[in-house]
Every structure is written in structure tokens, then in C-alpha cells.
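**Q** Please model the complete structure; the sequences and the hints are all you need to start from.
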Amino acid sequence: MKKVRFAAYNTFYPDSGGVDKRKIVRLADWNENRGYNLYYTNELKNLTGGVAAFERALNTWRCATNINFVVIDTTPPSYLLPFRCRIHYGALPAGVPTSTKATTTPTFDACANGPNAVFLGYMENFDMVFKSSGINWHTATSMPTLNWNTELDFESFALHELGHAGLLRHTNNGDDLMYYRVEEYKRELEANDLEGGIYEKDLGISNDPNNCTTPMSPYLCTNSTDEGDQGWKFIKVVPNPISEQFYIEFECESNRDFQITILAIDGQMVLQNQIVRCRDVIDFKNFEPGVYIVKILTNAGIVHYGKIIKG
4 MKKVRFAAYN TFYPDSGGVD KRKIVRLADW NENRGYNLYY TNELKNLTGG VAAFERALNT
64 WRCATNINFV VIDTTPPSYL LPFRCRIHYG ALPAGVPTST KATTTPTFDA CANGPNAVFL
124 GYMENFDMVF KSSGINWHTA TSMPTLNWNT ELDFESFALH ELGHAGLLRH TNNGDDLMYY
184 RVEEYKRELE ANDLEGGIYE KDLGISNDPN NCTTPMSPYL CTNSTDEGDQ GWKFIKVVPN
244 PISEQFYIEF ECESNRDFQI TILAIDGQMV LQNQIVRCRD VIDFKNFEPG VYIVKILTNA
304 GIVHYGKIIK G
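Residue numbering for the sequence shown follows our numbering, beginning at 4 and increasing consecutively.
Worth flagging that the hints you see were computed from the coordinates, not collected in a lab. Since the structure is predicted, the reported quantities are computational estimates derived from the model, not experimental observations. Ideal Cβ placement from N, Cα and C applies to all residues, glycine included. Hints are supplied without guarantee of correctness; some may be wrong.
Taking CB as the label site, the calculated pair distances span [claimed, not checked]:
hint : residue 1 : residue 2 : range
1    : Thr106    : Pro292    : 24 to 30 Å
2    : Pro147    : Glu46     : 45 to 51 Å
3    : Gln248    : Pro147    : 37 to 43 Å
Capping the alpha-carbon separation at 27 Å, the derived lysine-lysine pairs in DSS-like fashion look like this [as the list claims (entries may be wrong)]:
hint : residue 1 : residue 2
4    : Lys26     : Lys48
5    : Lys104    : Lys48
6    : Lys5      : Lys26
7    : Lys6      : Lys104
8    : Lys24     : Lys48
9    : Lys134    : Lys48
10   : Lys26     : Lys6
11   : Lys310    : Lys288
12   : Lys288    : Lys313
13   : Lys5      : Lys24
**A** What follows is the structure in C-alpha cells.
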């Protein structure tokens, strides 16, 4: 069976009153920062550790793909709800199978510029729900053992659902985050997931053919070790841009073995090594100029992301 690297949402609309045609769906500008505003319901806020676990997953996607999802502090007024993305902990929507643990429902629309123009699809918002009944959600930074009769890892499910929010669908690759069923917990993106996420981000930040939507702006994830808005810490890379080598430092409790993976912007792995310190020097002189993603995997299963530019 042929493996699908990634799958993307699409929709359908008729052009000029004709028959329905399949349409690519893109991300667009739906907030004051040219992206999407997310908000938590009180039920989600009351789940111990739920917000922190969700934001770890959110930062994994944002720092790897620059998708522009921003959490706001308060529930929006009713007239803004159609343009905001809800993160909820409660009952699943009607019609969703009872075996489902979490679900994400995007809302699509379309626009055209002129009476004879081709319609273009875009996402207005999404609604994400984590099932509250009959599940003991694990929200700590430690990684639980996969066991459907005990705890389910909230961060892993949030990472998968945020893939759907970023317009990715399920694939038939068992090793990928976006595989159609959960066979192991994943708190990091595989190369195919990263390729799909970057594809959707790049589509969203480009001008649409009809000029009837405003492009999304990429979310800029810091490379410093200073705490960001969500209290999450990232990789420090000096210098950046780089020429032949770079110094890397990240937060860790002690000097242990860590895995460093460097991915090209298309998701292809170009380097993978073990390092034994929380800081090291990486030789990069033999690589082509361009943008690269740096991923550090710690023994505790924590993933740090950074971005480097090779001049």
C-alpha cells in the first residue's frame, strides 16, 4: 500500500453557478495579528494541568511551522464567536462516535472577486473538544505508558488535534503524528507532519488568486532561552544566521544524553546526533544555505525547537 506523506482538508463550491468543484482550503487573517485567536472554556481551565499541556503542544506546532495561533485570555463576546477558535473540555458533539477521545471541527467558507471569478476556500475558525467523561487525562510533563484502561496523555492528543486545526487530515503512515489512530503517544512532529504543517502555513501566508482574503502572517517563535508568553523555553542558537558552525544551548536538569535532529524546511532530516551536554557546538559548514529546524529530544521526552538560518 502506498504511503501518504500528509493529507490536507479541502471543500467544494460551484464556480459561476456551475457544478460543485473541489477547492483547496487555506488559512487566513482572522484576528488583529493576522492569524487566529484561540480561547479556553472554563471547563478546560478547570482541568488540572490541561492549559499547560495544551500550550506545550501549541508551541511545538508554532515553533516548528510558524502557524499563527494565539491564545486570548477571555471568552470573546457573542458577536466575535464565529471568528474565534474554542478549546473545550466536555461532551463530544452530536454524531461523534463514543470511542473518540478528542475531536476538531473546522468551519470553512469561500469568497470570490467578481461575478465570474473562481471561488476560493478558507478556514474561519475551529472547535476543539476533549472528552471529559470516562477518561483520566494525564497532563504532567512526564510521559505515561500507553494503556487505554488508565491515563491518556493530554499533550499527545492536543498535538494531534492541533494538526487538524492546521488543516491536516489523517494519513496511513503508522509512524506519523497524523496517523488515523493513536498507537503510541507522540509529543513531537515527524518529518511528514512537519512537511504538511509547513505546506499549509506557506499556502496561508501567500496572496490568494482572487485577492479576497488577507494572508495569514507567520507566527515568530523566539530562539532565546527567555521565558515566552506561555512560560515555555526554547533553544538558544548563536550566531544566527550561521556560516560554518553554531553554539546551541537549551534548558535541561543535568548533563545527559540528548538527541539533536536538524530538518530542512521541507521536513527532510539532514542531521541527527547524540549530544551529552545542555550546550554544544555543531559543525554545519557542509550544508546548503537555507532555513532549518533544530529539534532537541531529552531523556524525559521533552522536545525543544529552534530555527537556524544558514547563510
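**Q** Each hint should be assessed against the structure and marked as holding or not.
**A** Against the structure, the hints come out as follows:
{"no.": "1", "hint": "Thr106 x Pro292: 24 to 30 Å", "result": "violated, 42 Å"}
{"no.": "2", "hint": "Pro147 x Glu46: 45 to 51 Å", "result": "violated, 22 Å"}
{"no.": "3", "hint": "Gln248 x Pro147: 37 to 43 Å", "result": "holds, 38 Å"}
{"no.": "4", "hint": "Lys26 x Lys48", "result": "violated, 36 Å"}
{"no.": "5", "hint": "Lys104 x Lys48", "result": "holds, 18 Å"}
{"no.": "6", "hint": "Lys5 x Lys26", "result": "holds, 24 Å"}
{"no.": "7", "hint": "Lys6 x Lys104", "result": "holds, 25 Å"}
{"no.": "8", "hint": "Lys24 x Lys48", "result": "violated, 41 Å"}
{"no.": "9", "hint": "Lys134 x Lys48", "result": "holds, 14 Å"}
{"no.": "10", "hint": "Lys26 x Lys6", "result": "holds, 23 Å"}
{"no.": "11", "hint": "Lys310 x Lys288", "result": "holds, 16 Å"}
{"no.": "12", "hint": "Lys288 x Lys313", "result": "holds, 9 Å"}
{"no.": "13", "hint": "Lys5 x Lys24", "result": "holds, 26 Å"}
Hint violations for this structure: numbers 1, 2, 4 and 8, all remaining hints satisfied.
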